[in-house]
Amino acid sequence: MRKAVIAGIGSTAFGRHQDRSIQSLAIDAGCAALVESGVERSRIGALYLGNFTAGPLCGQEVLAGITADELGLGPIPATKVEGACASGGIAFRHAVMAVRAGLCDAAIALGVEKMAHASGADVTAALNCAMDNRSDGPSGLTFPGFYGLAWRKYAAAGRANRDDVSAVVIKNKAAGLKNPLAQMGADLDLETIAASAYIADPIQLYDCCPVSDGASAVVVTTPELARDAVAEPLDILATVQTSGAPRIAGHADMCSLVATVAASSQALEEAGLGVDDLSLAELHDCFSIAEILNSEDLGLVPRGEGAAWAAEGRTGSGGDRPINPSGGLLAKGHPVGATGLGQIYEATIQLRGTHSNQVRGARFALTHNLGGAGVACTVSILGRPDA
Amino acid sequence: MSDRQVPTIYPETQFYWDGAKEGKLLLQRCKKTGEVYYPPRPFCPGTGSRDIEIFEASGKGRLYSYVINQMPAPGYEPPFVVAVVMLEEGVKMLTNIVGCPPDPAALELDMPLELTFEMRGDVAVPQFKPAGDAT
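Listed in order, the protein sequences are those of chains A and B. Under our numbering, the first residue of the first sequence carries the number 1, and numbering increases by one thereafter. Under our numbering, the first residue of the second sequence carries the number 1, and numbering increases by one thereafter.
Please note that the accuracy of each hint is not assured.
Below are the DSS-like pairs computed for lysine-lysine, each with C-alpha atoms no more than 30 Å apart in a straight line [stated by the list, open to error]:
hint: 1; chain 1: A; residue 1: K153; chain 2: B; residue 2: K60
hint: 2; chain 1: B; residue 1: K129; chain 2: B; residue 2: K24
hint: 3; chain 1: A; residue 1: K153; chain 2: B; residue 2: K92
hint: 4; chain 1: B; residue 1: K60; chain 2: B; residue 2: K31
hint: 5; chain 1: A; residue 1: K153; chain 2: B; residue 2: K129
hint: 6; chain 1: A; residue 1: K153; chain 2: B; residue 2: K24
Worth flagging that the hints you see were computed from the coordinates, not collected in a lab.
Whenever a hint applies, use it, and build me the whole structure from the sequences.
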């Protein structure tokens, strides 16, 4: 297969965009990525758009076609992909596959979501569509509850107390203060986190990512077509998509999601790298405990030591295993369908060496995007061309 | 109570809800491998075989994990307990714990539980309560 590179990226800030339409958010991000890529619009052969809740929350579908039309891409195939919170990562992978397979010479992946205008009840109902509602709907479970169930098991195994998990919150909220695209940032202490309201005990308020609006986009192309890019193109070394049990009780071990384990090992093999080669990871910390469990599933941290590594500062931007220097979903925000492409955006800036919370000497970056109760997952690995 | 989500009954799950109305928790087992599975479906998820049998579970289980939900859900007044129960037959089930204070002091992992039912309209929804509890 052909080599594919990232030629350009674009993103809105993540947060509340009350005065913007969902269409305009997507088009903003897409325009920025196209301009940065230096690729003529006529060369873009496919558009993939990740989105999850525009139907119920915005009353809008066919966003892929609307975006392609407004970006002036001509009558190309424009496809919405959906994998709950992993929709953006799936859109990226499809763009990469299209270029690698030679179906087109350049493709654009976009992710967009607009949720912050909706009521809490409407947002919860929309997000609960990511469960298998035949079995899980009637229990009153929500996604904080899913991660609370996992945390209870993890804690019962003696692997983390409240303050260990709070280390993730403190790290990511502090990183948010440094990220101009982040929805929030805060200088928090253990007492403040422990005193915050319970959402689904053991999950408390500061353990949860915010509800967000935003859009991110990436132009994927061949090294030849990327020669006019504003910034040096980055190599796409791997992009893997997996699936797993859609039901909470369907996981053999609720502290480990097979979709993430499989995606990570396949991606590292495809890239020909080991975890020690990775300079940083942007992973799916929709809840504080999720960062800990994901870091173990990805193999970044030994099994059972995720909380301890976070508490020891080893996963900070200056640590030996930097995780979520962007602030992650906890601080940067989680506009569901945009999140996976926001992670690619953040990793790209890190590898360019121009991030506001820069990991020194970053060469290889991993991104991890997870949907539903572990039902969909993508892992991608990017690298500097000189790495 | 009546605002809580009422499960949708499909032809392939009719037997399960009919059983619940009679106070039974019905599970299914693959006749080829003996694998017990839940939720109900007309084929074994392990083999794809439709050569399956329906049997009544003991109604006993243990608390695998739980959360105390403090946010409202349709029909539920917080706090309420959402739990995963490991059934004696070896399959896990997402459900609620009732007949017990929503307090970590009253909820110990691995504690024995027994089946009970909550009526939602004319549908009986399986739930669990502490074993030996008279409520």
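Report the numbers of all earlier hints that the structure fails to satisfy, in ascending order. none
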